[in-house]
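S.K.: Here is how the chains run, residue by residue.
Protein chains: 2
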Amino acid sequence: MRYDTQARDEVKGAKVMIARKAVLSALGKWIGAHRKKPRGWTVGIEAEHLTVAERKRLADLLPSGLRLRNAPAMVERARMVKDDAELALIRTAVRLGATLFDRALEVLRPGVKEAEVAAEMEYTARRAGAEEMSFPTIIASGVRSALPHGRATQQAIAPGGFVVCDFGVILAGYCSDQTRTVWVGAGSGAKESGASGEEARHAYQSVKEAQAAAIAAVRPGVSVAEVDAAARRVLRKAGLGRYFTHSTGHGVGLEIHEAPRVAAAQKEVLQPGMVITIEPGVYFPGKWGVRIEDMVAVSEGGCEVLTPTSKEFLTI
Amino acid sequence: MRYDTQARDEVKGAKVMIARKAVLSALGKWIGAHRKKPRGWTVGIEAEHLTVAERKRLADLLPSGLRLRNAPAMVERARMVKDDAELALIRTAVRLGATLFDRALEVLRPGVKEAEVAAEMEYTARRAGAEEMSFPTIIASGVRSALPHGRATQQAIAPGGFVVCDFGVILAGYCSDQTRTVWVGAGSGAKESGASGEEARHAYQSVKEAQAAAIAAVRPGVSVAEVDAAARRVLRKAGLGRYFTHSTGHGVGLEIHEAPRVAAAQKEVLQPGMVITIEPGVYFPGKWGVRIEDMVAVSEGGCEVLTPTSKEFLTI
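These protein sequence lines map, in sequence, to chains A and B. Its first residue numbered 1226, the first sequence is counted upward by one per residue in this note's numbering. Its first residue numbered 1226, the second sequence is counted upward by one per residue in this note's numbering.
It should be emphasised that the hints constitute simulated quantities derived from the structure, not laboratory data.
It does not matter which identical chain is used: a pair holds within one copy or between any two.
Simulated pairs of lysine to any residue, SDA-like, Cα-Cα distance not exceeding 20 Å:
#	residue 1	residue 2
1	K1240	G1257
2	K1338	G1398
3	K1338	G1354
4	K1281	E1271
5	K1281	R1294
6	K1433	T1534
7	K1433	G1422
8	K1281	L1293
9	K1281	V1268
10	K1281	N1295
11	K1281	I1270
12	K1237	D1308
13	K1281	R1292
14	K1536	R1320
15	K1237	A1303
16	K1254	E1271
17	K1338	I1541
18	K1240	T1230
Make a model of the complete structure from these sequences and hints.
M.R.: Structure, rendered in structure tokens:
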């Protein structure tokens, strides 16, 4: 297998074993064959990733006297900080991802189904070389925009509401993640300046400011909780604090959700090379929602906003 | 939430709890509040689906004195047999899925990238209303056709080899799964009748016969091991037994891989309403591979082949 050589070249300080099938059984055998050590071994497992059944199968395969213990999340921690080669790949993935929104704007209009918009975006991604989408594309229109995870449905986009577009690609293994929210006009300019239009614009501008405040807070040495607080502070001042019902962001890399979580209770401190999303949003159930999301890379002096797309209020 | 009512209507003999977040914590509280029963409760967990860390969080949330035990795979077993409404949805998903191959045949030719073929198929799926693909689309050309899981890459399809197309959609929650393999001619008819062409045709016809033999074996009361053996017998007689390196099939439903596995060591006995794939294949590493896959539903008298696509040897 062509990855054998590469793995052995690149992985330092660890033994590389390639097992095509029956990974646990290969591991059990290897441990059994190598335990002639002065003292008994302890085998560390990744408790967040191993199922209870897998743990039992592994325990049954091991020679007696060996202990299984939950290891700290070493792989997650190592993956939090990206090296330059990874950052280059992530930048490319984010740029490709951003072109999907350009395509969305070409097709998004009243009467078009959410799934049709998603279809065009995903087709663009594939044609541009993306391996796949990094998660099911969210095109949430009308009252569905108030659902933070409103996957594209057969619902036709109706005039007079927000459409939340949250999407990402996987390119060369790395994920992109981006959200933009556009206002679909009521047509003929009728209600645009009404009370509902004012309220929508206020919510949008507040989310945009909250997102900017969180980005401004991103730099080495700052905790993720402080970044989260920066976004939350702006929305609270705008009277929208209680409508911001999720955390401010998350790490992104080979997986769409990686450490750290950018949330109030988290203690992680930002370091150069971390790549996180900044995605505050407000959601009025039964009415509409707004979310704006960029990916940023923590740099020595602050951060680099990777997502190139405009965040101005956009009416279609 | 609109699913609350539906869940309470449709789920019999069980309590329905809707927890948007923190499912384990809601469950822990509920169990704590309801344990004033004569004897101590035992809480059954799904060991194949709960991680070691989730099990620990649940255990920590429960009142002391409660035991956690691995429950049998009740949900998997219940889901193996589909009711008529489910079968109707599966038929629709399979028919939609099959149209993707028609599209593939329109675009698949030497020089076109595997990923471009996948792009057209996935676009067709989305436009026709599919929620998403049921797994990453496999378009494996040239030597890559010998990889049973060769996801579409940027490789251009070269003349003179097989292209394995394995793909599926999710429609109304239910998955389709289908594989067809086509021969891409060497152009100008030159090598078509050479030794390599003969060998390819022999392999294809043998896989086709093995697939037919396995389908012919599908009926209530027959074990999945017997179905697997029926396919394997044909390939062994054709001198290809050792190139058939995976199991014959698997259940399909809400998930792309469900019980039962159609494999030699499995004891499950077929019942009306089970839906399985029949997908023998042969793989010559460094050369090429062939796989043919249909979905079938076990009926009272035998089985219904759900996949409508021709299995004749096709040269492009």
